[in-house]
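Residue numbers (this note's numbering), protein chains in the order written: chain A, 1 to 154; chain B, 155 to 467; chain C, 468 to 875; chain D, 876 to 996.
Rather than coming from a laboratory, the hints here were simulated on the basis of the structure. The beta-carbon is built from N, C-alpha and C at its ideal position, and this holds for glycine as well. Just so you know, not all the hints are guaranteed correct.
[To be verified] With the C-beta cut set under 7 Å, the calculated list includes, among others, these residues of chain A facing chain B:
#1 D42
#2 G47
#3 S53
#4 R55
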Amino acid sequence: MSLIKKAIDWGTKKSPWIIHFNAGACNGCDIETIDSLTPRYDLERVGILKQGSPRHADVLICTGAVTLQTRDRLIQIYEQMSDPKFVIAIGTCACTGGIFEDCYCVTGGIDSVIPVDVYIPGCAVRPEAIISAVDKLLGSLDNDKKEGGGNYES
Amino acid sequence: MIEFLKILCKLFIFPGFLFLSVYSFLLDFLDRKLYARMQNRVGPPWYQPLADFLKLIGKKTIIPADANAVIFSVMPLVSLAAVTVGFIYLPVLGKEAIFSFSGDFVIVLYLLAIPPLAAFLAGWYSRAVYSTIGATRILTQMFAYEVPLFISVLAPTLIAGTWSITELTGFYAAHPLYIFINLPVAITALISFQCKLERAPFDSPEAETEIVSGALVEYSGRLLAFFKLAHNCELLFVISLFSAIYLPFMTGIIWVDFILYIVKTLFILLLLILMRVTMARIEINNTLNFCWKYLAPVTLGQVILNLLLRGVL
Amino acid sequence: MSENISNNNKIVLPIGPQHPSLDEPGRFDITLEGEKVVNAVVGVGYNHRGLEKVCESKNYIQDLYIIERVCGICSHSHSTAFCMAVEELAGVTVPQRAEYIRVVVAELERLHSHLLWLGVACHEIGFDTMFMYTWRDREKVLDVLATVGGNRVNYGINTIGGVRRDFNETINSEILKTVDSLEEDIKRYLEIAMTETTLISRLKSKGKLSHEDALKYGAVGPVARAAGIAIDIRVTEPYGAYKEIPVNVITDTNEDVYGRTAVRILEMQESINIIRYCINNMPEGTLTVKVPRRIPAGEVIVRVEAPRGEDIHYLRSNGTDIPDRVRVRAPTEANWHGMKHMLKGGNLADVPITIAAIDPCYSCTDRAIVISSEKNTEVMDWRGLRRYGIDWYKKQNIDLTSLKIKEV
Amino acid sequence: MKKTGPGRITFRAIKNLFKKPATTSYAGKGKPCVEKKYRGRICYDKTDCINCGLCMRDCPTGALKIINEGTKEDKKLKAVLNVGHCIFCCQCVDSCMKKCLTYSQDIDFATTNKADLTVEL
Ligand code: SF4
Ligand code: SF4
Ligand code: SF4
Ligand code: SF4
Ligand code: SF4
Ligand code: SF4
Ligand code: SF4
Ligand code: SF4
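With the sequences and hints as input, model every part of the structure.
So this is what it looks like as structure tokens:
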């Protein structure tokens, strides 16, 4: 039994499939996210595949300060993903709201809506930082056997 | 007793199920790796397909409330079963398949049609918009490639005069030059196989940018894992079938033939990858046009040619 | 979602706000009959952050960085427009060297933006290999921009009154080297775009927007130029260093996605020429001119040619160090209006590429918002909003009904 | 007009198989290679700082705080930066007349703990 569990844990660490959602970013971080999949940075090296359907994905890669209009959709996508699931907040605006924090139409950061596992500040984040964040996320799975997908209030 | 164990061993370990899944993982890896390398990327590590599979097995499976739960959960297994059963009729080790009888060709062709049908049903009964469109497209695409595919696979049998894959391979292995007669249908078969596998440029049933991932949008966890596995096995199945029919060069020494088999499958995979790399997605109605306007006439011509040749040879 | 499948064989397909072909949230409700698109409803507003409003509470220097982040693709166009507006109100003249540097960065931005677009367009039609190749080559431009400006996306080269960083010999030669190798790449793309059958079949006569319609819907940028309309602010109303730099307007008569592709590829070549000209004719001098913190009262409209077309900034100052009103009309916003027209009658398979062909980006476009999370909210049209305003003021004993606005 | 046909990039794709991929070697470990003069996290040198507040006034996000823990005469200055707010525009660097602020090429701040984002410079 534990062998199977080990194998599955290993698989989870080696194959994080991502889905990308823009919750009101300026594009900068989104493009850098896509950029990290293209030849120069090639995240497929570490097993990352970009998926279109939330059902197939393990990691929600989220950019932007969460505008009021995307808020519901963000929650919906998060709920559609199957456990275990993780969230990476990409960019300063996704971490805290950043430069848009004072805007009347944003809630200010991904973690004001759903739980976030890794924060990557940067405006725009560099693909290197994304690679390193993925590394840290997968590393954190080792330490505390995190299940991901904690509770949240919507 | 020993005989029985031997058969079991053949069925489940080599060249049966275990070999099928291991080799299909390997092919999937090569597929992705070469694809990446042709795009100037590094690509995934060798264990990637296995890791993907294990991870999906460990994930929670969600069955959407709207979907028909039974069909939704059975279809991946149907798909997988069809491919595995079909595989035992294909010659891997030398020219002998694990099982063969005089009409196995027809069975194999039927089994070949099941995975797309399973995907269609899965998509249709997911009852989501994207999956419905994906399912319709699968059916449309089947309508496009089935006829050219069947005819191009059947044309070589006309010369050999047999309905058994093992005998067919045996016949062509004995007369290697005859294979060149079948070159036109080999090409059409390659194209229709690509079409059948829903790989680019014929991937509109799962076109990511249009309908997300087509019929399988709603799948997750274990069920998705089985669908992926079935798809990998289908790739190997189709490639093996192709090599059995169109590239039946044999030496007669079993292990050399096995190595030859590996070489042949890799070569066919390379061709399939090249097709995937170099072209943009073809729209579904253009696929339909292409299959009926170009592929079907070529295959029909070959059938007539082969019928005539049969009298001569 | 099953209610989307109605009985008369029409399917309403929601694309977005999260969808693999959209990197940004936008929504299209595509009504399908089989594979044919019979209707399309474009919904924007998911990206509305309200940054015009927030600009009114921060000083001009802070606003510059907010405006730069209207969008990560034409960040330089927006900040240039904003700087020009402030400089015009303040009545200062930017040193010529700074103007040239701005132009070089603007053209580098155009290169990266068009390469990005080419890649995305290829991805939309399932041609991932080309996508990978173009994005690989785009990295060269980003490397240069990162060296010049200090960031890959929001270069931050502009400051009010000039530019923040100077060019030197190494940078010049690096830019020229990059531009040379890009020229080769662009020739290759052009060849592929002109000879690859699968590509052509996916682009030709898709998303038609005829010359008349382009005028009617007020298209700008490559969309308009692909319909044979020769508008390019760099030429029709030159600003900054463009007054001295020769620029050719690229037009095409295909009026479809193919034409837009051709226009963009040829424009890249044109950008390369401009960059070469600027580097070779760069004047010496200082980089900045002092601009007072308090900007004299007044209002100004500035037009700048962004990679996607004409970018308009409006700025009103009341004499303090905080603007009174900032308004951004970005190019994509102008191109939305023709979208429905372009989508109708096409196939479902053409939807992503047609949308992609205007190079949509929602960051700067989204202004109308619908907040669905709260109860009791309603969407108001313009007239309803006016009604509401009048009632609200009535309660405050102010009567506005005597004011007349032209009904549309 | 050149001849058209499908698969025009076949040759190039095959050639790429034998070329080195364009991918960087950075895969999460070690230091990423960043352009010189890239605007990373800012650095603070308090020797010349007079606590004038110009940097904070122009910072668009309010990420930077120069705090005086001592008295007016005996200054004990420290700078606290919220990396989660900073947009790396380096306007603070430009605004400081005393050149106390500079920028580094440090770009990798990814963390699993949000509290780590506030750092003392
Ligand atoms: S962090 Fe900066 S670059 Fe990234 S989305 Fe936000 S504003 Fe844009
Ligand atoms: S119209 Fe009213 S609510 Fe909207 S931004 Fe202006 S002041 Fe705010
Ligand atoms: S048009 Fe697009 S790229 Fe340009 S500023 Fe707007 S969102 Fe950005
Ligand atoms: S309605 Fe007219 S006056 Fe009022 S904010 Fe809009 S443009 Fe200005
Ligand atoms: S800003 Fe208003 S008037 Fe101008 S194009 Fe947009 S909707 Fe029309
Ligand atoms: S539409 Fe864009 S620029 Fe205008 S207020 Fe909203 S976010 Fe700001
Ligand atoms: S502007 Fe410079 S001197 Fe003034 S408080 Fe900031 S760091 Fe210190
Ligand atoms: S870099 Fe910009 S955002 Fe960061 S502290 Fe300095 S001024 Fe503020």
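Now the hints, each set against the structure:
Here the hint on D42 (chain A) is kept, as its CB sits about 4 Å from the closest CB of chain B, short of 7 Å. Because the closest C-beta pair between G47 (chain A) and chain B is about 6 Å apart, less than 7 Å, the hint holds. Satisfaction of the interface hint for S53 (chain A) is found here, the shortest Cβ-Cβ separation to chain B being roughly 5 Å, below the 7 Å cut-off. For R55 (chain A), the interface hint holds, the least distance from its beta-carbon to any beta-carbon of chain B being 4 Å, beneath 7 Å.
Every hint, counting from the list given before, is met by this structure.
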